[in-house]
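Make the full structure from the sequences, and use the hints.
As they're listed, the protein sequences go chains A and B. Counting from 30, one number per residue, gives the positions in the first sequence under the numbering used here. Counting from 30, one number per residue, gives the positions in the second sequence under the numbering used here.
What the hints contain is simulated information worked out from the structure, not anything from laboratory work. Please note: incorrect hints may appear among the correct ones.
Note: identical chains are not told apart, hence a pair may lie in one copy or across any two.
[As the list claims (entries may be wrong)] Within a straight-line C-alpha distance of at most 25 angstroms, the following computed PhoX-like cross-link-like pairs (lysine-lysine) qualify:
id, residue 1, residue 2
1, K142, K44
2, K142, K184
3, K183, K105
4, K178, K119
5, K105, K150
6, K119, K150
7, K133, K146
8, K133, K150
9, K183, K146
10, K184, K105
11, K183, K150
These numbers come from a predicted model, not from an experiment.
There are 2 protein chains.
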Amino acid sequence: MNDTIGPYSFEEFVKVVESFHGFQSPGVILGGVMVDYALEEMANGALVDAICETPACLPDAVQLLTPCTLGNGWLKVINLGLFALSLYEKRAGEGVRVFVDAEKLSNFREIWKWLFKLVPKSEQDQAALIAEIGQAGRSVLGMRHIQVKQQYLKKRSRGAISRCRTCGEPYPEMDGPVCRACQGGSPYV
Amino acid sequence: MNDTIGPYSFEEFVKVVESFHGFQSPGVILGGVMVDYALEEMANGALVDAICETPACLPDAVQLLTPCTLGNGWLKVINLGLFALSLYEKRAGEGVRVFVDAEKLSNFREIWKWLFKLVPKSEQDQAALIAEIGQAGRSVLGMRHIQVKQQYLKKRSRGAISRCRTCGEPYPEMDGPVCRACQGGSPYV
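Structural data, given as structure tokens:
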């Protein structure tokens, strides 16, 4: 059993999560255990990119414990609805995928109930759940080696930038004669 | 002119960006000026959600300066290819959109060249660009009030969770009889 999460003790990491994520999220805390495991499996000094298979919680664990962030493009979210993540060497695409192994949860009822949403959030015993995540550590996780498909390794370039003829804002020319917002994609009324 | 970015001096924020984002990214630094402006325009104490109109750089400025993160769901990326972001009251959807106003860049050649990608990244004078962002502050920004469309205000629920019949991992039942990865969506070979 490994008692640390990246450079932090378990208790320290819970506080780091609260500061960044806004509350002591069980998903980000368990995600931290997962990222810590994946980092240890990767060759030391490898330049890693990350994939989160859900937008919920896990991206924050990756952003707190690796150099990968949403804004620098080294973290991708591919929403498969799975509580799993992978780290991989960014050019070759070789790496590891870490997931919660449902077969290993029989002694961890709080984690089971939370993962399968068997109790409403308001009735969940958060403190017991977080304590159980700390006790469980990596024992509830599975890990396998993966090779990321070529199409996910390419860096997208946005190409040349022009001013949109309609709104005047800088936008990627490849999007068409006007920007995507002026094409109807704006989220605002 | 406002010399601070959230709780930081400009110089402190450059260091915070380097620590989180991995390098002194001009986009995240300018994004910080934008978030700081938007925060000031929002009513004090409002519970804000955020939209970034590009996945590049801006999400990290939002995550560093607001409670909104990718993992807690309070930050959305709607990729319109525009260097703009909005903060809005999370229930009513009223808020502000901040963008770089190309009309205001005539005295800021480094920002202009960077925004329109007129020089290759390797030839860019990063120090001069960052200094110019510090000098420019909010003077190169535009701001307008916005109302976010209703469809973006709803909280998505993933519904009930089952074990996938094929891989055995917990997944949202609403995705079908097997999880999206087993339906062919996996990014791994």
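(message) As a check of your reading, is K178 near K119 (CA-CA no more than 25 angstroms) within one copy, between copies, both or neither?
(response) within (11 angstroms within a copy, 37 angstroms between copies)
(request) Pop the pair K142 and K184 into one bin, within, between, both or neither, using alpha-carbon distances up to 25 angstroms. (result) For K142 and K184, only the inter-copy Cα distance (22 angstroms) is at most 25 angstroms; the intra-copy one is 39 angstroms.
(message) Checking an output row: K183 and K146, CA cutoff 25 angstroms. Within, between, both or neither?
(response) between (36 angstroms within a copy, 20 angstroms between copies)
(message) One pair to classify: K142 and K44, alpha carbons no more than 25 angstroms apart. Within, between, both, or neither?
(response) within (24 angstroms within a copy, 41 angstroms between copies)
(request) Tell me, please, which holds for K183 and K150 at an alpha-carbon limit of 25 angstroms: within, between, both or neither? (result) Answer is between: at 18 angstroms across copies they meet the 25 angstroms cutoff, but 39 angstroms inside does not.
(message) Treating 25 angstroms as the Cα threshold, decide for K133 and K150: within, between, both or neither.
(response) Within one copy, since 23 angstroms is at most 25 angstroms while 48 angstroms is not.
(request) First find the shortest C-alpha distance between K105 and K150 inside one copy, then the shortest across copies, and answer within, between, both or neither for a cut-off of 25 angstroms. (result) Between. Shortest inter-copy distance 23 angstroms satisfies the 25 angstroms Cα cut-off; intra-copy 27 angstroms does not.
(request) Measure nothing new, just compare the shortest in-copy and cross-copy C-alpha distances for K133 and K146 to 25 angstroms and report within, between, both or neither. (result) within (17 angstroms within a copy, 51 angstroms between copies)
(message) Checking an output row: K119 and K150, CA cutoff 25 angstroms. Within, between, both or neither?
(response) between (37 angstroms within a copy, 20 angstroms between copies)
(request) Since the copies are identical, ignore which copy is meant and state whether K183 and K105 lie within 25 angstroms (CA to CA) inside a copy, between copies, both or neither. (result) Both. Shortest intra-copy (12 angstroms) and inter-copy (23 angstroms) distances satisfy the 25 angstroms Cα cut-off.
(message) One pair to classify: K184 and K105, alpha carbons no more than 25 angstroms apart. Within, between, both, or neither?
(response) both (11 angstroms within a copy, 21 angstroms between copies)
Checked against the numbered hints listed earlier, the structure breaks none of them; every hint is satisfied.
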